[in-house]
Amino acid sequence: MNGIRGDWQARAIQVLFVAAILLLWYYVSTSGLVGVIFLPPLPRVIDKFLQIIQTGSLYYNLAVTAYELAMAFSIASILGLSIGYFVGRSRIAVVIFEPLLAGLFAVPIIVFLPLFILFFGIDMQSKIAFGATYAFFPIVLNAIGGISQIDPRLIIVARSMGANEGQLFRRVLLPAALPVIATGLRIGCIIGFLSILGSEMIAGLRGLGSRIVTLAEGMNTVEMFAYIIFVILMAALLNVTLTRMQARFSAPREQP
Amino acid sequence: MSEFAISIENVSHAYARPDEGAVATLDNVSLGVRKGELLCLIGPSGCGKSTLLNIVGGLVRPASGTIKINGRPIIGPSPKDIAFVFQENTLFPWNTVRDNIKVGLEFQGVPPAERKNRAEEAIEAVGLSEFAQNYPHQLSGGMKQRASLARALSLRTDILLMDEPFASLDEQTRTYLGEELSILLATTNKTIVLVTHSLSEAVFLADRVVVMTARPASIKATIEVPESHPREPGFMASPRFAELRNELYAQLRAEIEKTVGGFVGKAAARDRERRGTSGTRSDSE
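Protein sequence lines, in the order shown, are assigned to chains A and B. Here the numbering used here is used: position 77 in the first sequence is 77, and no number is missing along the way. Here the numbering used here is used: position 273 in the second sequence is 273, and no number is missing along the way.
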């Protein structure tokens with residue numbers, strides 16, 4: 001990750017890559033080779049994209065999904081960080097719970113989606129619960145890793161200088177674990193977003209995922225693609241923002 | 001009895017190992033460290049000298065016995081009386097040199113207004129003023145240890161405990177820092193206990209060198225080094241230095257052999273025995 005920042009050549013190739021895909025889309029969709037239903041012409045999709053932003057018809061569903069994500073991420077962060085902290089502080093707890101949580105993370109939780117809907121209803125609550133469940137695991141696992149892998153000498157030296165529990169947490173444990181915890185939060189947020197979109201698409205009343213499915217079922221592929229482009233841009237923005245935040249947390253340190 | 005800054009009274013210690021059960025590390029150690037004295041603990045690796053230092057600092061509880069600081073028994077870390085310098089990498093990597101010292105003062109309970117001046121003072125004392133804003137990973141090994149020393153000095157304790165502070169450095173840097181330390185400490189009048197495995201470092205720095213036995217450690221001998229501080233680099237070249245160093249090594253040698261196993265001597269003895277009993281050479285063990 002080090003060399004890429006400021007490396008404009010790599011950036012230029014990335015931009016060209018995206019431009020090439022859009023160009024390919026433009027030519028294939030306007031050549032008449034494929035039907036409009038399967039791949040609508042790029043200019044029409046862009047027009048529609050601008051239209052849903054200008055008229056604001058997009059914002060209702062965006063607000064729903066953003067609210068669900070914010071709630072799910074908050075719940076997952078509070079639970080994940082606090083459980084991660086207490087497990088991470090005890091060697092025995094790490095040995096017991098770390099493999100357990102890692103094992104649960106490997107379970108395809110998507111198969112339990114019908115249960116989530118049964119328990120929390122078809123509307124936003126089930127999406128929040130489902131997104132929080134998925135986001136919880138990377139957050140808790142990274143928090144455990146971050147806290148438990150702190151060099152014990154740093155804790156000893158802090159204690160020898162008279163650090164109390166609060167100072168130890170604020171001045172040693174938190175800064176030492178923060179880069180790893182930030183990675184967990186970033187992955188948790190992205191996974192939370194994906195699982196909320198997915199659950200909206202499978203069974204939901206509103207939100208961006210639900211809207212995309214409704215448009216697809218109505219054969220309105222132009223608007224569907226406009227929404228898809230918006231979701232892609234949103235995911236990219238989320239990723240860039242979170243990566244920047246994560247880099248700030250680990251800035252003054254030696255890169256291992 | 002408060003002529004001693006530190007009194008170690010009948011201290012024993014053992015730790016539990018899953019495979020071997022309890023391993024005794026210290027066996028009934030009693031020792032008084034005089035006020036203003038620099039005392040070196042030297043002994044074979046793994047003998048328990050670092051454990052003794054951690055017990056003195058209140059970081060490890062002894063199985064039995066007591067530690068008294070200025071006559072008062074201690075049961076935990078005593079940051080007002082005792083500062084530590086550890087072997088390496090104990091600076092907080094996310095703090096600059098200055099902030100590392102300031103956070104130590106915060107832990108000790110120094111009011112915020114005083115921290116900056118005391119940090120500057122300590123940084124200057126170890127000659128790191130130019131590097132106050134640097135992060136530990138931007139410093140050489142020697143500079144990191146000087147920063148650790150500055151952090152310990154800033155705490156203004158009467159007692160300084162140093163656990164092989166120069167062990168990870170190359171010999172040239174170690175010798176140079178030893179000279180600097182001798183000059184610095186001559187002016188501070190602190191009571192210092194220094195754990196080392198370097199014979200030269202012990203003789204050069206100490207007023208008294210305490211030789212520990214192999215595990216479980218007890219005190220084998222005490223060697224006085226009657227030479228005033230600060231010590232000149234020339235002391236290291238003097239016949240008296242060589243004499244003291246040799247005496248120290250003579251005391252240590254048997255203990256080191258117990259730890260390392262004395263493989264040459266033992267192999268020869270085993271070989272003789274084998275030939276004597278069976279008469280034939282067999283390579284199976």
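Please note: incorrect hints may appear among the correct ones.
What the hints assert, rightly or not - What follows is a list of derived Cβ distance ranges for each label pair:
#1 B:Asp19 - A:Phe112: 38 to 46 Å
#2 A:Pro99 - B:Glu227: 55 to 63 Å
#3 B:Ser140 - A:Arg248: 23 to 31 Å
#4 B:Ser140 - A:Phe112: 53 to 61 Å
Unchecked claim - Residues from chain A shown here face chain B by an in silico Cβ test under 7 Å; the list is partial:
#5 Ser160
#6 Gly162
#7 Gln167
Keep in mind that the hints were calculated from the coordinates and are not lab data. Cβ coordinates follow ideal geometry from the N, Cα and C atoms, glycine included.
Outcome for the supplied range 38 to 46 Å, where the beta carbon pair is Asp19 (chain B) and Phe112 (chain A)
holds, 44 Å
Given Ser160 (chain A) as an interface hint, is the shortest Cβ-Cβ distance to chain B below 7 Å?
Status holds, d = 5 Å.
Assuming the hint says 53 to 61 Å, is it satisfied by the Cβ distance from Ser140 (chain B) to Phe112 (chain A) or not?
Once the Cβ atoms are compared, 55 Å apart, the range 53 to 61 Å for Phe112 (chain A) and Ser140 (chain B) holds.
Let me know if the C-beta of Gly162 (chain A) comes in closer than 7 Å to any C-beta of chain B, holds or violated.
holds, 3 Å
Given the hint of 23 to 31 Å, check if Ser140 (chain B) and Arg248 (chain A) actually sit that far apart at their C-beta atoms.
holds, 27 Å
For the range 55 to 63 Å, tell me whether the beta carbons of Pro99 (chain A) and Glu227 (chain B) fit it or not.
holds, 59 Å
Cut-off 7 Å, beta-carbon criterion: hint that Gln167 (chain A) touches chain B:
holds, 6 Å
Going through the hint list in order, the structure satisfies each hint without exception.
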